[in-house]
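Protein chains: 4
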Amino acid sequence: MSYKISIVGASGYTGGELMRWALLHPQMEIAQVTSERFAGTPVTKLNPNLRGFTQAEFVSSKQLNTDVDTLFLCLPHKVSAPFVKQYIDTGVKIIDLSADFRLHNPKTYEHYYQPHPCPELLPRAVYGLPELHREAIKKTQLVSGIGCLASSVILACAPLVKAGLIDPSRIIADSKIGSSAGGAAFDISTHHPERQGTVRAYKPTGHRHTAEMEQELNEILAANGQAANASVGFSPHAVEMVRGILSTIHAPVSRPLTDLDVWKAYRSFYSGSPFIRLVKDKGTLFKYPEVKPVVGTNFADIGFELDADHPRIVVMSAIDNLIRGSAGPAIQCFNLMHNLDEKTGLWVPGYHPI
Amino acid sequence: MSYKISIVGASGYTGGELMRWALLHPQMEIAQVTSERFAGTPVTKLNPNLRGFTQAEFVSSKQLNTDVDTLFLCLPHKVSAPFVKQYIDTGVKIIDLSADFRLHNPKTYEHYYQPHPCPELLPRAVYGLPELHREAIKKTQLVSGIGCLASSVILACAPLVKAGLIDPSRIIADSKIGSSAGGAAFDISTHHPERQGTVRAYKPTGHRHTAEMEQELNEILAANGQAANASVGFSPHAVEMVRGILSTIHAPVSRPLTDLDVWKAYRSFYSGSPFIRLVKDKGTLFKYPEVKPVVGTNFADIGFELDADHPRIVVMSAIDNLIRGSAGPAIQCFNLMHNLDEKTGLWVPGYHPI
Amino acid sequence: MSYKISIVGASGYTGGELMRWALLHPQMEIAQVTSERFAGTPVTKLNPNLRGFTQAEFVSSKQLNTDVDTLFLCLPHKVSAPFVKQYIDTGVKIIDLSADFRLHNPKTYEHYYQPHPCPELLPRAVYGLPELHREAIKKTQLVSGIGCLASSVILACAPLVKAGLIDPSRIIADSKIGSSAGGAAFDISTHHPERQGTVRAYKPTGHRHTAEMEQELNEILAANGQAANASVGFSPHAVEMVRGILSTIHAPVSRPLTDLDVWKAYRSFYSGSPFIRLVKDKGTLFKYPEVKPVVGTNFADIGFELDADHPRIVVMSAIDNLIRGSAGPAIQCFNLMHNLDEKTGLWVPGYHPI
Amino acid sequence: MSYKISIVGASGYTGGELMRWALLHPQMEIAQVTSERFAGTPVTKLNPNLRGFTQAEFVSSKQLNTDVDTLFLCLPHKVSAPFVKQYIDTGVKIIDLSADFRLHNPKTYEHYYQPHPCPELLPRAVYGLPELHREAIKKTQLVSGIGCLASSVILACAPLVKAGLIDPSRIIADSKIGSSAGGAAFDISTHHPERQGTVRAYKPTGHRHTAEMEQELNEILAANGQAANASVGFSPHAVEMVRGILSTIHAPVSRPLTDLDVWKAYRSFYSGSPFIRLVKDKGTLFKYPEVKPVVGTNFADIGFELDADHPRIVVMSAIDNLIRGSAGPAIQCFNLMHNLDEKTGLWVPGYHPI
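Protein chains in written order, with my numbering: chain C, 1 to 354; chain G, 355 to 708; chain V, 709 to 1062; chain D, 1063 to 1416.
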């Protein structure tokens, strides 16, 4: 059995990635892919990788047929929320990859973005990270996307916060990210001679994804009956790669820890989460998580090291920003919302070397 | 139904790639993967991408169990031939990715390599390029691998030679190739500070793959009843990428040509060849073949331009050296040898951007 | 003693490069640097490398003070010619880096660009490649710039054409070039996710620099009393680097040659040319010219290999496109026009590794 | 007037870099460059960038002539100390780029390296960072080199510690470094297919340079009469570049700060230090320090951002690891030890773009 889906705002990198996985998914059928700017253009003109896999053309969202099972929205924030408002009462399932439904608190949204266009819908949305909200996702009609950087940090920290192993109020997250995270729009900052080989702290403070990190960690603290004092000093860096995020989390340990303490926390938290791989291959080149083995996949590779000389744990979390940081969990959510195996259509390894 | 296979000499990049595709293939079951140096080591220690997909360990080839359907050999040339000799009479199907059975003429082999260890077996081998030898591959017990660079040039030139559109005696092939082509062994030439960002003509004349190119084009000429005068001035260049080959072929045209003449030659030659994509997307960034849309796939993207000011055609041919240039056709051959659809286990698109 | 210079159209990469070298030149003093778009902006805002070396701001060309010794023009073609026309009769020396005065024949210019705005000035310009036109440059008021790709090919071929060692009518030049050659203007083709790691034959036929190559080689043939039948099948490729060009020339040899024949031709031609380095370091990683050792310098490294199996010579020519392919020879010309040592202000080695 | 120098252990990247700058220095004359492995080999065989600039050959250190003014030692740690011991009483000035004389406390040295071979010499060495120890360097006979990563962090933190603006006991330093830092020796970790495009936390805890950072910051605290409680949680990452370090320092602020507070601290500390450039070019792409504008130079570019939502300052410090992190300060020290202008032979800008 196949479910009809449409992808709205499909001409960007996230839309293209979603299309790729949807074409391969055994239980999805793409009804429409929309783009105002490229209406009438074959999708392979923008996605040369899909030559031979589809003859589809972009259509205008004005021609959107809502008689589908699920809508995936890849629209910019602020544009997406009114769209959700327009369609949610048709009963269609909506997976909105924009930032509009990630934050539960409209004031936080306003602090980092702008006044929320439809705050009344916020309570209906579930934050679309299956490893934290699997059961809620199964039951909801509206799932938010996740921030790619946010998710890499949340996945690294959540088990440690849950187990009380770190001080949540003094977390530092230093992320390194590839150029595709900026999307298909270009300017001088992505001009190859300027972007190639750089290490650029493009937003060392005040990055919007901080809000998602703190929200999700605070929910865990609250569930633990602890003060919701999560504070993440977050600084992302553009580095030389197209795809990928490595987030390095430096967190003060709550007490002297052993490796075993930490392993237990991760194993327990991620039991039943097939897309988390815990990595500590001592004695090999790949002893810690790296970006390259997860490129092209929905895996998050997570590893750590305890600092023998300082009261600190260093956690490393590696993902493909366009897949695990965006399209992948959206499809995990789709699978969960339709009672399919969470792995359906996503269970592929990466390449080595790449 | 599943066929048991083993991969001999599996610790290199080609072996790792073959393992990856074999794990995903719906009708292959991996019996053993061998390595002398890494016997006893889990394959994921060398192939971090396969974490979660296999628990296998390398075994010594001394423990090779030949009670399998097909042996894939990823051994160095000269080592591979005696191995084939040892096993061929057991009736096992052999796909030998080394250079030992690519050249039919032992003198040519000797010119480019060394005296052939078992020339008497050469007539039993079929050159493993399905697009040229599909029917012979279906019937043989022994298939050779192909040179990655050679195949990218052969696929670009064969239809033009077949159709008599170019002068086969004055072909120039200038290839650009990624670092993975050199394999997992390292030296100063692959040391990152020396290799990164370089453009290095590492073997501007006398490259061994020239022999494969000239052999295959000469066979086409001979089949046409023409003089077997194929001559390819071939110069490969190391450029900054890990995976991929772009071969640019500069060939004198036999007579004034139109685009349509050339299209007809390619379409006719590659009718029934699903892994060849002809590319000429005018008006887009991707108007010619490029490496990035084929990385991670078994596709060869081929395109061309006629030179309005000079009697020359320029053909561009893009492949992933480890897949389309090596492991991919080996699996195409496996499929053909077992009457499976040639696309089985190989029909996946690439990523964009990557 | 110092000469006052101004740089017109200085906000692009060539202008920035010229500024850098002018700041270091012991006998140049920068009077003004102009830009319409950035008038009033400190040059370090666009050239962060120059922080600490200059406080200058761009001024509008409307404020250009022509009471200087030399004007360097870094304007687009078609814009530059009228500018030259306006100023040449003031007696100021002009080094015009645009394409407007490179081609002597206005019909050739029209074929590759557009009708020439002031063909009457063409006879007054000298093609600004000192290694070919040193004496004429010393005496002229108007020097043209050179095409970066053109110069890399001309320098490789000129000695062989002069000595009659190759067939000039069947030269193939396959160049690999970095992204800075496209300048500071950006579009989707230079967007990092699309440009990074690619090998893109962006103009496989009909590239404008072909005209310069054929003009300069034909002049040599004419001087030899030979037919001016130079024909260069030229195809440039964008590869992954910011700076640099490696041109690979495949040329049919006129007769069987020895290495010594070729060395003699190069040594004789480039006697007295300090910026040409002939390379053949057998037994080292750097046996042929590569881009990395010339990045940041005005050197052209040239080497070759004779093909033992085909009647072909392969010549490799490596330069930094922004220096040796543009700003460097402009400064060599400045030096020559002022009776300074040609090396003044340019005699620095590159970095290793880089 | 020229001073004779020799470089011992000159075949590595630091030695090559030092040689390059020494060749350009107006008051240095290279007497000998030694290498056991490459004795008899022209230095240009390893340093193709120096073709045309030197005919020198490596000699064995057994042939070392100590009748020079200054010895630069580029030997591995543990090898260097006995060498210093052997030569120091000849009165020759020694600049030892190894780690052997960086740490004053032999126990700290032993914790991070091994028992010190000649602890009695430690009090005679000055840590070779001119911005912190200018006066002591002028008077000493023995200067140590500096850790490249260490220096990038120390330069970023010292003014803030000195001014009491941050809590020195909870500094996090997350560095990103290019592949040349590992030197000319290669293994699987620097094999291009494995190293290219990676982000690898190769030593997330316990890195040796931590000791230098804490020593130097503690000295400042002690001079302030404060507790010497500097603690740096340091984690370096290999990223895709050949040259360069960007260190991101995340430090808790001691009290609410304004930009002006921080500027004052930096300006005051680095008054008279020409190679420190303070960067905050708001409104441009280059608003913070980046690696590319310092590649090829002795500059350290330093900038910062105060976090409006968290009690944290983020400092970014960019250097060229082989120059500013190694050979450059060694030459600054040489200049200071000979009463030359500190900038002599080092005052060159970088390139843009590169």
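I should point out that these hints are in silico values taken from the structure, not numbers from a laboratory. As the structure is a prediction and not an experimental result, all values here were calculated from the model. Ideal Cβ placement from N, Cα and C applies to all residues, glycine included. Just so you know, not all the hints are guaranteed correct.
What follows is a list of derived Cβ distance ranges for each label pair [stated by the list, open to error]:
no.	chain 1	residue 1	chain 2	residue 2	range
1	G	Asn693	V	Asp895	13 to 23 Å
2	D	Trp1325	V	Val787	57 to 67 Å
3	V	Gln934	G	Ala577	37 to 47 Å
4	C	Gly272	D	Lys1342	11 to 21 Å
Output of the computed footprint for chain G on chain V, the stretches with three or more beta carbons under 8 Å from beta carbons of chain G [stated by the list, open to error]:
no.	stretch
5	836-847
6	861-873
7	889-903
Here is what the structure says about each hint:
| no. | hint | verdict |
| --- | --- | --- |
| 1 | Asn693(G) x Asp895(V): 13 to 23 Å | 49 Å, violated |
| 2 | Trp1325(D) x Val787(V): 57 to 67 Å | 42 Å, violated |
| 3 | Gln934(V) x Ala577(G): 37 to 47 Å | 42 Å, holds |
| 4 | Gly272(C) x Lys1342(D): 11 to 21 Å | 48 Å, violated |
| 5 | 836-847 | violated (count 0) |
| 6 | 861-873 | violated (count 0) |
| 7 | 889-903 | holds (count 4) |
Consistency with the previously given hints fails for numbers 1, 2, 4, 5, 6, ordered from lowest to highest.
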